[in-house]
Every structure is written in structure tokens, then in C-alpha cells.
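> Here is what each chain is made of, one letter per residue.
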Amino acid sequence: MDVAAIDAIVSKFPEIKGNLIGILHEVQNHFHYLPEEELRYLSKKTDIPITQIYSIVNFYNRFSLKPKGKNEICVCLGTACHVKGAEKVMNALEENLHIQKGQSTEDMNFSLEEVRCIGACSLAPAVVINEETYGLVTPNKIPLLLSKHKDG
Amino acid sequence: MASMVNLTINDKEVQAPEGMTILEAAKREGIFIPTLCHHEALEPEGTCRLCIVEISGAIRHSIRISCIQQVKEGLIVETDTERIKKNRRLILELLLGRSPYSKELLDLASKCGVMTSRFLTGESDDCVRCGRCVRVCRDKIGVQALCWVNRGYERKITTDFERLSEYCIGCGACAQVCPTGAIKIEDRGNERKIYTWGQVLARFKLEKCKECGRPYAPKKYLDRINERAYKTKGLELVNYVCPECVKKAERPTPVKMPFGGGDMPFAI
Ligand code: SF4
Ligand code: FES
Ligand code: FES
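Residue numbers (the numbering used here), protein chains in the order written: chain A, 1 to 152; chain B, 153 to 420.
Just so you know, the hints here were simulated from the structure itself, not pulled from any lab data. Where hints are given, some of them may not hold.
Quick list of the computed label-pair ranges, beta carbon to beta carbon [what the hints assert, rightly or not]:
#1 B:Lys263 - A:Pro139: 50 to 58 angstroms
#2 A:Thr133 - B:Tyr305: 24 to 32 angstroms
#3 B:Ser276 - A:Leu144: 44 to 52 angstroms
From the derived model, a few chain B residues whose C-beta atoms are all more than 10 angstroms from chain A [stated by the list, open to error]:
#4 Ile183
#5 Pro196
#6 Asp232
#7 Gly249
#8 Asp259
#9 Asn302
#10 Arg303
#11 Gln328
#12 Lys371
#13 Cys397
Fair warning: this is a prediction, and the values are worked out from it, not measured in the lab. For every residue, glycine included, the Cβ atom is placed at its ideal position computed from N, Cα and C.
Model the full structure from these sequences, guided by the hints.
Structure below.
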């Protein structure tokens with residue numbers, strides 16, 4: 001268990017109770033998911049019941065209890081993107097990465113998720129990889145997109 | 153004393169203290185409003201929506217939930233209009249969609265004239281997502297062993313990481329306040345189990361009664377009583393005697409037992 005990482009994250013926040021979601025974001029970014037042991041430690045350290053933390057973690061899509069790949073790919077399947085063929089983009093990604101949505105590649109390089117409307121409808125279909133948004137994505141652009149992030 | 157306000161409920165002029173909910177005021181007048189998630193000992197959360205009433209007068213004409221809406225001077229409350237009945241039937245149908253075999257729900261439904269549901273889901277977990285169990289554990293017992301997970305249709309109550317709870321003390325308050333029996337508590341031999349339709353939430357070994365030798369309560373639970381009811385008063389629970397033996401001895405009950413002994417655990 002990485003106690004030091006949790007300690008370091010928590011110490012960045014002057015106030016704990018109101019910042020739980022912020023803390024969880026940092027933990028998620030650090031580990032690429034929210035490991036159970038670390039969350040239990042966080043609960044003991046902050047005196048926030050683990051059930052409360054677990055509830056919050058379950059509520060938001062952004063948080064994951066399963067390890068995620070280094071590069072997180074989010075395919076928008078919101079209305080606009082759906083109409084513009086996001087399903088095909090998703091399929092192409094699944095084929096290229098040999099995984100299903102919701103899973104991560106074996107080398108933990110990529111994970112694939114679906115999201116709903118990221119507010120880039122005019123660029124539909126949209127895909128977000130890590131912090132970067134790509135618009136007007138077509139299935140044949142997928143290999144290029146992936147190679148850009150392969151070792152990043 | 154709180155000052156009184158005047159309002160009408162179903163054409164009857166009534167008085168109620170400020171701060172009281174419509175539901176309480178109606179009850180005092182003997183007017184029945186169906187409820188599910190409301191429990192006298194718990195803070196209302198307004199999750200089931202069954203207790204809807206139509207209001208006008210002091211507040212814009214609208215439908216509100218009576219377990220949360222407070223009385224107000226000049227308020228006109230109707231508990232049984234066509235509009236209310238129609239909406240209530242819809243809510244019941246929706247609740248039945250997931251819990252079609254819950255006896256309590258079926259009773260309420262037939263009282264309100266609902267025979268079937270258009271929303272059957274194929275699932276039947278009896279839990280109506282009222283949250284009473286979560287609230288009693290958090291607000292009254294102070295343990296918070298239960299929590300909500302997921303959203304929408306997937307929403308359910310569980311423990312942290314859906315494992316056997318380390319925090320549960322085995323008091324059984326959740327099972328006791330559950331309106332439909334979706335959470336159960338079961339003592340068998342010297343083991344207590346608390347479980348729902350799909351998960352065992354906690355297991356305990358039961359301590360034996362010093363008098364009759366019957367296994368009757370988990371250690372964690374007794375420790376809790378010690379800590380909260382006794383130690384604060386400078387006392388310590390030393391005689392581990394089950395409620396039955398306490399009764400037999402005609403001594404005043406030292407602590408009210410929530411399970412196996414009758415009374416609510418709110419005395420802890
Ligand atoms: S288990 Fe019972 S008390 Fe808990 S939410 Fe479901 S119906 Fe309500
Ligand atoms: S629907 Fe995809 S960005 Fe809005
Ligand atoms: S009793 Fe009022 S919303 Fe459930």
C-alpha cells in the first residue's frame with residue numbers, strides 16, 4: 001500500500017471534508033484508479049467513513065475501482081455523436097485494441113470508456129484521450145490516433 | 153411552545169404547531185396518507201414520493217410530499233384528489249415494477265386501487281430504495297455500515313466494497329426499520345447474519361446469556377452499548393443477560409434490545 005502517496009495528496013488540502021472529491025481526483029490520477037487499500041487508509045486518516053467514500057466513488061463515472069490504462073480513451077456516445085456514427089468509432093477502437101469498452105489492454109497502455117456528451121457536439125463524433133479532445137473522428141483515423149499516444 | 157398555524161386538510165380546519173409536517177398534522181386528525189420511506193424516528197428524506205398531497209392557498213398550487221412540506225398559515229391541503237390518486241397509482245406501479253411480490257407494497261397498492269404494474273422489470277428484490285436502513289445506521293446508530301452505490305436503475309444499498317462489513321455491529325436496526333423486509337436479520341445457533349436479497353452484509357458470533365446460556369447478542373453490539381449508554385454514565389455493563397432473563401427477573405431492563413427483545417434501538 002502506498003501510504004506516502006495518500007499522505008502527500010491529503011496534505012495538499014487545507015480542509016478535508018469539503019474537498020473529498022478533489023482528493024479522490026488526485027488519487028485517481030496518481031494510481032489511474034482507486035485502489036481499495038488506499039481508500040481504506042484515506043478513510044482512517046480523514047475520519048470519513050469508508051461507506052461514504054465508496055458511495056461517492058460509485059456515483060461518478062470519472063472514478064474507477066478497476067485499474068485503468070496509462071492512456072484513457074473516452075468515446076462520446078451522446079446524442080450528437082451517436083447520430084454522427086460514434087458507434088462505429090467505438091467498434092474500430094475495440095477492434096484495434098482487442099478489448100471491449102470498459103476494459104483495459106493487457107499492457108495497461110490503454111483503457112476504453114464510453115461517456116455521454118462532453119460538450120463538443122459541433123465536432124461530433126468526439127473522442128477524448130487523456131486531456132486531449134479529438135473531433136470529427138472516423139474509424140480509419142483510429143490507428144493514427146492510437147499511435148500518437150502509444151508511448152505517451 | 154411553537155406558535156400554532158391554521159390550515160385546512162381535506163376541508164377540515166385544523167391547527168398545527170409551526171414546523172410540523174403536513175403528514176404529522178394529517179395523522180393527528182386521523183387522515184391517512186400512504187407512506188413508505190417515512191419513519192417517525194428518522195429524519196425524512198422524501199425518497200418514495202407516495203405521500204404526495206395537493207396544496208394551494210399559502211403556497212403556489214402544486215403537488216408536494218407531505219413528509220417534508222411543513223404546515224403554513226392559510227395552507228389548503230388535499231390528500232385525496234383525482235390528481236393525487238392518479239399520481240400515487242403511477243408511483244405505486246413504478247415501485248411494484250421492481251418489487252412485485254413485496255407484501256407491504258401489494259397491501260398499499262390494493263388500498264390505492266392498483267392491481268398490476270405496467271413496469272414489471274423481471275426483477276423482484278423487495279427493496280424500494282427508501283433509504284431507511286442507511287439512515288438509521290448512519291443517524292441513529294452512528295455506525296454508517298451501509299451505503300448507496302450506483303445510480304438510477306442500478307442503485308442499491310450495500311456495504312463498503314460489497315464485502316462483509318467490518319463496521320456493522322449487528323444491532324439489526326436496519327432490518328427493523330425496513331418497510332418491506334428486504335434486509336433481514338437471522339439468528340441461528342450461535343451465529344447472527346444480516347443479509348439482503350443478494351448479499352450477506354455481516355456475520356457475527358453471538359455471546360451467551362450469563363443466566364440461561366442462550367446465545368443472544370454479538371460482542372460488537374454489547375461493546376457499543378457499553379461505550380455509548382453505560383460508560384458515559386460512569387457505568388459498565390457487566391452482567392451479560394439476555395432480555396428474556398432480564399424480564400423474568402422483573403428487574404428494570406438495563407438496555408432496550410432492538411432485536412430479540414422488542415424495543416427500538418434508539419435508546420442506545
Ligand atoms: S433495504 Fe429496506 S430499508 Fe433499505 S432501502 Fe431497501 S426497502 Fe428501504
Ligand atoms: S454528444 Fe458527443 S460531444 Fe455532445
Ligand atoms: S413518505 Fe414522503 S416521500 Fe416517502
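> Using Cβ atoms and 10 angstroms as the threshold, tell me whether B:Lys371 really stays out of contact range of chain A.
B:Lys371 clear of chain A: closest Cβ-Cβ about 21 angstroms, beyond 10 angstroms.
> Please settle this one: B:Asp232 was flagged as non-interface, so is its CB more than 10 angstroms from every CB on chain A?
Holds, because the least Cβ-Cβ distance between B:Asp232 and chain A comes to about 37 angstroms, which exceeds 10 angstroms.
> Honestly, do B:Ser276 and A:Leu144 meet the 44 to 52 angstroms range at C-beta?
With Cβ atoms ~50 angstroms apart, the hint holds.
> B:Asn302: least C-beta distance to chain A exceeds 10 angstroms?
The assertion about B:Asn302 is violated, with a minimum of 6 angstroms to chain A.
> Is the Cβ of B:Ile183 more than 10 angstroms away from each Cβ in chain A?
holds, 36 angstroms
> Classify the label on B:Gly249 as holds or violated, using whether its beta-carbon is more than 10 angstroms from each beta-carbon of chain A.
Given that every Cβ of chain A is farther than 10 angstroms from that of B:Gly249, nearest at about 23 angstroms, it holds.
> Measuring Cβ to Cβ, find out whether B:Pro196 lies farther than 10 angstroms from everything in chain A.
holds, 20 angstroms
> Given the hint of 50 to 58 angstroms, is the C-beta distance from B:Lys263 to A:Pro139 inside that range or not?
holds, 57 angstroms
> A cut-off of 10 angstroms on Cβ-Cβ distance, and B:Asp259 was said to be off the interface with chain A. Does that hold?
B:Asp259 clear of chain A: closest Cβ-Cβ about 31 angstroms, beyond 10 angstroms.
> Run the C-beta distances from B:Arg303 to all of chain A and say if the shortest one exceeds 10 angstroms.
violated, 6 angstroms
> Verify this label for me: B:Cys397 is non-interface relative to chain A, using a Cβ-Cβ cutoff of 10 angstroms.
Since the minimum Cβ distance to chain A is about 35 angstroms, B:Cys397 lies beyond 10 angstroms and the statement holds.
> Is the claim that B:Gln328 lies outside the interface with chain A correct, judged by CB distances over 10 angstroms?
holds, 19 angstroms
Checked against the numbered hints given earlier, this structure breaks hints 9 and 10; the rest are met.
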